[in-house]
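Protein chains in written order, with our numbering: chain A, 4 to 373; chain B, 4 to 373.
Just so you know, not all the hints are guaranteed correct.
Intra- or inter-copy, both count: the list cannot distinguish identical chains.
[Unchecked claim] EDC-like mimics (lysine to aspartate or glutamate), calculated; alpha carbons at most 20 Å apart, straight line:
| hint | residue 1 | residue 2 |
| --- | --- | --- |
| 1 | 312 | 64 |
| 2 | 243 | 253 |
| 3 | 312 | 67 |
If you're looking for bench data, these hints aren't it; they were derived computationally from the structure.
Protein chains: 2
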Amino acid sequence: MKTDGLDLALVRSTTRAVGAAMFTENRVQAAPVVVSRRHLAQTQPQAIVLNSGCANAATGERGELDALATAAEAGRLLELEAEEILLCSTGVIGVRLPLNKMLPGLSEAASALSETGGEAAAEAIMTTDTRPKQASASGAGFCVGGMAKGAAMIHPKLATMLAIVTTDYPLEEGEAEKFLRPVVERSFNRISVDGDCSTNDTVILLANGAAEIERSEAGDREFERLLGQVCHELAEQIVKDAEGFTVLLEVDVRGAVSEAQAAAIAARIASSPLVKTAAFGHDPNWGRVMMAAGSAPWNGGYAELDPSKVTLAFNGTEVLVDGAHIDVAPAMEGPSCVIALDLGLGEGEASYLASDLSYEYVRLNAEYTT
Amino acid sequence: MKTDGLDLALVRSTTRAVGAAMFTENRVQAAPVVVSRRHLAQTQPQAIVLNSGCANAATGERGELDALATAAEAGRLLELEAEEILLCSTGVIGVRLPLNKMLPGLSEAASALSETGGEAAAEAIMTTDTRPKQASASGAGFCVGGMAKGAAMIHPKLATMLAIVTTDYPLEEGEAEKFLRPVVERSFNRISVDGDCSTNDTVILLANGAAEIERSEAGDREFERLLGQVCHELAEQIVKDAEGFTVLLEVDVRGAVSEAQAAAIAARIASSPLVKTAAFGHDPNWGRVMMAAGSAPWNGGYAELDPSKVTLAFNGTEVLVDGAHIDVAPAMEGPSCVIALDLGLGEGEASYLASDLSYEYVRLNAEYTT
């Protein structure tokens, strides 16, 4: 589905679906985000148009009209209302959507729609991703599948993460968000490549009930679990394909006063350039981890932490127990670095995945000059 | 004053001084910070002991006793109360202060005290700083002088910024903080090397009134201005001597709804790895700047910003006017990159200084492996 200069994917539910989406919270929001948010407030989404190459961000009113024109044309081709179409764009900021390529491309994509087109779609939304990102999981009589594109500063002028998750599990109108939000909070919202939040980030869930199974509490719990698994796998694939990636950094915080504070501390550690360069250097640098842990923004101050109660391990080897340093050498050679902190304060726990900070990250983001 | 493995400096007021200090807000605070904070609550500081090589951080109760022993010995040598001594340490975390070297060193430093020892002291507190950092300014009948050490991850296990500012301007007890706090807020608190906040950061002001001039409102205003100038110069010297520094990044935000929100937005831009790698690459990448500006943490959400009202310039050349992109090529060759944003929302303004993110920064912080 790749055409020169513009990559396009079309996702459509085979039967009437319900859906939900979560968007970037950046104050600078791309036109497709603005339009999709509006459509979602009006009706249930049935199809998604994704394009790479142009983010349609910082394009003003003109950008919104271009996004609306795309939705209208997709609606016409698929015999849907324009409001039933959601839009995802990724690419250069500040450039208008090339409708002259976009509209013919849509028509091509619509006629190429097939139930086995997932792989092609996952490829179509790649920009500098090195591989397509897909995940799926099967439950009792239903399945959950998803695709995503990278979270790094993919194109030199844009960081964007897009993820589409579909299921044939039956959900009622309005329920999709209830399932999606906590899962996104614990997967896509707990990865960091460079701590930067794009203008276009979008996660969409479409559920069409095509599995034709009975709803049950056990089914709901299983669906929730599989949705979480698929989102977690996609999130991990995004980190592992991050620009300049060499080491997968996993930060597990437990014993915090709350899950939210655990997440704040894990995020701060996973985003610290000093921790990330240490990971690149395979250095069990607990001093940097403590420095970062002690300065996790929380409510205008810092999250609660008592250094004398902290136990800290690198790849399973404790280097700090109740605040006292132990002179050992954790195994750090491998391609993953697991930093586990027990704060000894409460029951809150959260994990975060991040890439390291390497020469290659700097090269990729510095060498391109406009 | 350098001795092998331990660098020591002693600063003492020639006449009775009043003072104030501001410390790191990290939850992990080094013993010298804990002890100095306590001393400052009891009396006016008259002397400061600074050592490099050992941070005396994450050393528990033992570390506090070592810090107290240092203060007691300095007090004995200088005929002061132990509580009149403040302590600053920088160096490796998790290692005990080598009192066997520290105490003899103190005695040496005390007998070497001289009114012209400023340069030697500025050198003594260097770790991997490449040059001593000093600044001074003269007013009508008084002067303000200061020294500082770097803000980068100086030693592989510690990021620390220390700054001592002295003046012979007459201040009453309790007044020093009133002058120091807003100045630090606008100088040392508005620089960023890697966004990481150390366990030992300290800024101290000592004012001894030795100038013997009359206080006046005009004098106060002049003192305030010179104090600001000295702190700003020291802060700039710290950034310019940052690890891996190649480009001085200055972010000027105006037109925000408040000064605090302007500072939050400027800090977010100046700390963004994507903006910092672009600065390293001499790339006027306004898309990254907008992305960062739109996601500046504020009150649990993001600071106010309306993309359609933003005017943005690189080194004086506007690339965005009221949100509309202008296709020009700003001059980016030089060693400084000034990013100016006018948000068009209100009267709030703030500036931030930062170093760029270079290969050398990654090398310095990754190559050392413990």
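Inset, instruction - Tell me, in ascending order, the numbers of any earlier hints that this structure violates. - result: Hints that this structure does not satisfy do not exist here, as all of them hold.
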